[in-house]
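**Student:** For reference, the chains in residue letters:
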Amino acid sequence: MSGKELIQKAMRLEKTERTPWVPFVGVHGGKLLGLDATTYLRSGEHIFNGVSKAIEEYDPDGIPVIFDLQVEAEVLGCELMWADDNPPSVASHPLSEGKSLDDLRVPTLDDGRIGMIMETTRRLREAHPDIALYGLITGPFTLALHLLGTDVFIKMMEDEAYVHRVMEFGKQVGMFMAGEYIRNGCDVIALVDPMTSQISPEQFRQFVTAPATEIFDFIRQRGALSSFFVCGYAQQNIEAMCECRPDNVSIDENIPLDYVREVALPRGVSFGGNMKLTVVLLMGSPEDCQVHALECLDQGGDRGFILAPGCDLPMDTPPENLKAVTQLVRDDYQREVVRTLMENQPDEEKLPDMSEYGQTDKVIVDIITLASESCAPCKYMVDAVKNVAPEFEGILEWREHSIKKMEAVNFMNALMVRSLPTICIDGKIAFTSKIPPRSELIQAIQNRINEKLKLKLSQKRPELLLFTTNEEDEKKLHEVTREAIIELGADVDIRHITDEKVIRAYGIHKTPAVMTVSYKLKTQGRIPSVDVVREWIKEVM
Amino acid sequence: MDKIPFFIVTGFLGGGKTTFLKHFLHTFSGRYRIGVIQNEFAPGQVDGAELRREEEDFELLEINKGSVFCVCLLNDFTRSLKSFIEKYHPDILLLEASGLADPIAVAEVLQGPQLFPLLYLAYIWTIVDAENFGKTSAMTTRVERQVRVADKILINKIDKYKGPLDPIVEKIREWNPFAGIETVTYARTRLDDLEALQEHVPVAMKKKDEHRRFDPLNKPGTGTVALKTTQPISRKNLEAFIREMLPLSYRIKGTVKLDDGNFVSVQAVMGEVEYKDAGPLMQPTELIAIGPGITPRSFGKRFHTYRKN
Numbered sequence: 012m013s014g015k016e017l018i019q020k021a022m023r024l025e026k027t028e029r030t031p032w033v034p035f036v037g038v039h040g041g042k043l044l045g046l047d048a049t050t051y052l053r054s055g056e057h058i059f060n061g062v063s064k065a066i067e068e069y070d071p072d073g074i075p076v077i078f079d080l081q082v083e084a085e086v087l088g089c090e091l092m093w094a095d096d097n098p099p100s101v102a103s104h105p106l107s108e109g110k111s112l113d114d115l116r117v118p119t120l121d122d123g124r125i126g127m128i129m130e131t132t133r134r135l136r137e138a139h140p141d142i143a144l145y146g147l148i149t150g151p152f153t154l155a156l157h158l159l160g161t162d163v164f165i166k167m168m169e170d171e172a173y174v175h176r177v178m179e180f181g182k183q184v185g186m187f188m189a190g191e192y193i194r195n196g197c198d199v200i201a202l203v204d205p206m207t208s209q210i211s212p213e214q215f216r217q218f219v220t221a222p223a224t225e226i227f228d229f230i231r232q233r234g235a236l237s238s239f240f241v242c243g244y245a246q247q248n249i250e251a252m253c254e255c256r257p258d259n260v261s262i263d264e265n266i267p268l269d270y271v272r273e274v275a276l277p278r279g280v281s282f283g284g285n286m287k288l289t290v291v292l293l294m295g296s297p298e299d300c301q302v303h304a305l306e307c308l309d310q311g312g313d314r315g316f317i318l319a320p321g322c323d324l325p326m327d328t329p330p331e332n333l334k335a336v337t338q339l340v341r342d343d344y345q346r347e348v349v350r351t352l353m354e355n356q357p358d359e360e361k362l363p364d365m366s367e368y369g370q371t372d373k374v375i376v377d378i379i380t381l382a383s384e385s386c387a388p389c390k391y392m393v394d395a396v397k398n399v400a401p402e403f404e405g406i407l408e409w410r411e412h413s414i415k416k417m418e419a420v421n422f423m424n425a426l427m428v429r430s431l432p433t434i435c436i437d438g439k440i441a442f443t444s445k446i447p448p449r450s451e452l453i454q455a456i457q458n459r460i461n462e463k464l465k466l467k468l469s470q471k472r473p474e475l476l477l478f479t480t481n482e483e484d485e486k487k488l489h490e491v492t493r494e495a496i497i498e499l500g501a502d503v504d505i506r507h508i509t510d511e512k513v514i515r516a517y518g519i520h521k522t523p524a525v526m527t528v529s530y531k532l533k534t535q536g537r538i539p540s541v542d543v544v545r546e547w548i549k550e551v552m
Numbered sequence: 002m003d004k005i006p007f008f009i010v011t012g013f014l015g016g017g018k019t020t021f022l023k024h025f026l027h028t029f030s031g032r033y034r035i036g037v038i039q040n041e042f043a044p045g046q047v048d049g050a051e052l053r054r055e056e057e058d059f060e061l062l063e064i065n066k067g068s069v070f071c072v073c074l075l076n077d078f079t080r081s082l083k084s085f086i087e088k089y090h091p092d093i094l095l096l097e098a099s100g101l102a103d104p105i106a107v108a109e110v111l112q113g114p115q116l117f118p119l120l121y122l123a124y125i126w127t128i129v130d131a132e133n134f135g136k137t138s139a140m141t142t143r144v145e146r147q148v149r150v151a152d153k154i155l156i157n158k159i160d161k162y163k164g165p166l167d168p169i170v171e172k173i174r175e176w177n178p179f180a181g182i183e184t185v186t187y188a189r190t191r192l193d194d195l196e197a198l199q200e201h202v203p204v205a206m207k208k209k210d211e212h213r214r215f216d217p218l219n220k221p222g223t224g225t226v227a228l229k230t231t232q233p234i235s236r237k238n239l240e241a242f243i244r245e246m247l248p249l250s251y252r253i254k255g256t257v258k259l260d261d262g263n264f265v266s267v268q269a270v271m272g273e274v275e276y277k278d279a280g281p282l283m284q285p286t287e288l289i290a291i292g293p294g295i296t297p298r299s300f301g302k303r304f305h306t307y308r309k310n
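Chains E and W, in that order, are what the protein sequence lines are.
In terms of my numbering, the first sequence opens at residue 12 and continues consecutively.
In terms of my numbering, the second sequence opens at residue 2 and continues consecutively.
Simulated from the structure, these hints should not be mistaken for lab results.
What you are looking at is a predicted structure, and each value in this text was computed from that prediction instead of being measured.
Treat the hints with caution; some may be incorrect.
[Claimed, not checked] With a straight-line Cα cutoff of 25 Å, these simulated SDA-like cross-link-like pairs (lysine to any residue) come out:
1. W:K302 to E:D299
2. W:K161 to W:E145
3. E:K415 to E:T337
4. W:K302 to E:D309
Please work from the sequences and hints to get the whole structure.
**Tutor:** Structure, rendered in structure tokens:
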């Protein structure tokens with residue numbers, strides 16, 4: 012099923028095999044191309060390339076053409092302040108600066124960037140037929156704020172009729188933009204009206220409901236789907252938003268998803284969101300993003316829900332983070348892994364320092380899995396090691412760690428393993444996700460054996476301590492020992508100990524006596540952890 | 002290294018923020034290097050150039066000169082603020098926040114890895130216009146949230162307002178059971194004696210033999226963290242969480258969503274905690290904690306651990 016079909020299904024409130032994922036790539040597209048936001052947002056060619064690159068990288072089910080709520084405002088006479096990392100902001104408000112509403116007219120394709128955007132839409136449609144293309148229009152209330160500034164709040168109390176006129180005008184602008192987007196191939200029109208989070212449900216119903224409803228009806232008549240985007244603290248208005256009959260409402264982290272689900276679904280409206288933009292997507296790790304995405308998926312459920320960020324993605328959102336979300340959305344196995352890890356949180360205080368791990372004589376192969384009894388990739392990984400083990404009889408020890416058990420989770424974290432299944436050799440990651448061919452695995456183990464041998468050879472040589480209390484014994488013992496050493500060609504030192512006190516200190520009661528001493532360098536340059544020292548002690552006991 | 006105290010003054014356009022700002026500058030610009038961050042721009046609003054003409058010595062950073070409507074725009078904030086600090090080395094930072102900006106969102110940005118080592122959120126003033134308070138039933142949700150997050154609320158323009166003050170004070174008290182409330186003219190509140198900023202701590206809570214002066218420049222290693230979540234927590238677990246955080250913090254305050262759907266306002270200061278029921282609200286949990294032993298990651302982690310308990 013194509014991404015477009017998946018989204019259509021979700022918006023019709025039909026059950027889907029997996030949740031669709033729509034990353035709101037706006038200026039982030041510029042980042043993917045190495046461009047600043049202003050250069051990006053002003054060029055159709057750049058936008059086409061940026062969105063195409065995002066599609067290639069993130070394999071989304073839907074994507075917006077452009078995320079810039081100043082497009083209409085720019086054309087209507089608002090001065091814009093451009094920035095390197097964000098869409099521009101509006102710096103002047105014509106209707107508060109002497110212009111009359113009658114002076115304003117609904118834009119045409121020749122105005123500002125509108126023609127360029129629609130042309131880009133058309134190109135994207137042709138190049139990517141299977142993806143749901145989103146066309147974003149500025150909602151009438153946010154447009155009113157662009158045109159009037161914060162005066163609009165005062166006018167809402169002192170001159171309601173005027174505000175209605177401004178909203179009516181905003182509606183017409185919205186319908187024009189929606190019509191053009193649809194004509195050029197958009198599947199979903201998103202009416203983005205963040206400023207509505209600033210008003211109460213009463214004011215919403217008084218000023219926003221009528222124009223918004225008309226816009227959604229218009230979109231419906233033209234055969235496209237619609238979404239009502241809002242960001243900020245807008246929980247109080249969700250009901251009213253649903254009453255406008257969009258196909259979907261999309262929210263940010265400030266509103267709980269389960270609340271929206273409970274309000275929207277019974278009203279026949281699908282819903283979407285609400286991944287945290289800054290704390291998780293921008294500043295978190297790929298693992299954080301997967302955990303958070305899974306939390307959203309759980310809250311959203313399997314019907315009528317579309318996973319999306321809360322709003323326009325920050326420009327610097329690391330691509331790995333978005334790819335991690337894609338992986339989670341598409342890969343059942345990965346969801347299971349993340350869920351298991353969520354349920355077994357590693358105890359950070361108990362994480363052992365694994366850097367000295369694997370200093371014993373044997374080579375230890377650890378396989379970290381979800382659960383080989385129930386999971387195919389895990390089973391194959393374990394089999395690969397099992398099959399190779401006979402080659403290294405006596406030297407190799409292998410163990411499986413299933414993350415369904417807590418100790419495995421701690422282990423996984425200590426070794427900094429990120430993906431499963433993974434093979435570690437003597438505490439270092441050797442193979443991840445892909446099952447290694449037999450020869451490669453043998454080679455890797457052999458390399459480790461060679462490494463350990465080298466280490467051994469460079470260390471202090473073993474000793475033979477010869478304990479004697481008279482010269483005759485000393486001479487004889489020395490000869491015997493030397494002969495043995497020569498015959499073997501061994502690299503061993505001899506030490507004579509004749510002081511009776513010292514001999515007794517070694518626990519020796521009868522001379523002549525021989526003691527062997529071997530030295531194994533376990534760690535250099537750092538203080539080891541208790542767990543590791545325990546292993547060593549076990550070896551010498 | 003001492004961290005820079007970061008102050009926020011918020012409230013509606015025309016409510017008196019700029020007057021407050023001037024007063025602040027007048028009081029401190031001789032003694033401290035002040036960095037002012039302005040986030041509001043509208044015609045008729047006093048801008049940086051005008052402020053400077055009045056010969057106050059300060060450095061100005063203008064953020065998003067234009068309508069701020071989105072938390073997304075705060076990304077730019079981190080970078081701009083960091084450069085500003087590196088360039089001018091201010092002793093104090095004061096953000097004059099647009100009435101539409103979200104102080105908790107600002108607090109979240111301040112605890113990001115780049116800013117957390119440099120500064121801490123010290124105090125929030127919310128200025129409410131006595132004249133327009135009744136009229137702003139329109140803006141009620143907005144005003145309520147700004148009041149909830151404040152350390153002190155200044156009810157301004159009481160010289161122009163001829164009506165009863167009690168209903169206003171009552172409403173504000175209902176929203177914020179713990180903050181200091183002052184009725185003022187020209188946004189004038191005692192600033193020269195920063196000890197006065199501790200007024201909000203109820204007398205019973207002040208340890209009499211430990212007279213702690215609030216000195217914004219004497220809090221080495223302090224950090225401020227902000228937590229925002231839509232996930233509810235049980236009352237019992239919340240109390241356990243706060244108990245754990247108490248030894249690590251000077252102050253914890255906020256409004257928390259409980260698992261029965263109601264909210265509770267909490268304030269913990271110098272080892273003592275108070276809770277007040279706040280009824281059902283339509284907002285996420287918002288908690289701010291300030292102290293020497295708190296990091297954003299550990300605060301959030303511990304909260305969620307208790308929540309899932």
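**Student:** Does each hint fit the structure? Answer for all of them.
**Tutor:** Evaluated hints:
1. W:K302 to E:D299: holds (12 Å)
2. W:K161 to W:E145: Holds, at about 22 Å.
3. E:K415 to E:T337: Holds. E:K415 to E:T337 sits at ~24 Å (cutoff 25 Å).
4. W:K302 to E:D309: holds (20 Å)
In summary, the structure agrees with every hint in the numbered list given earlier.
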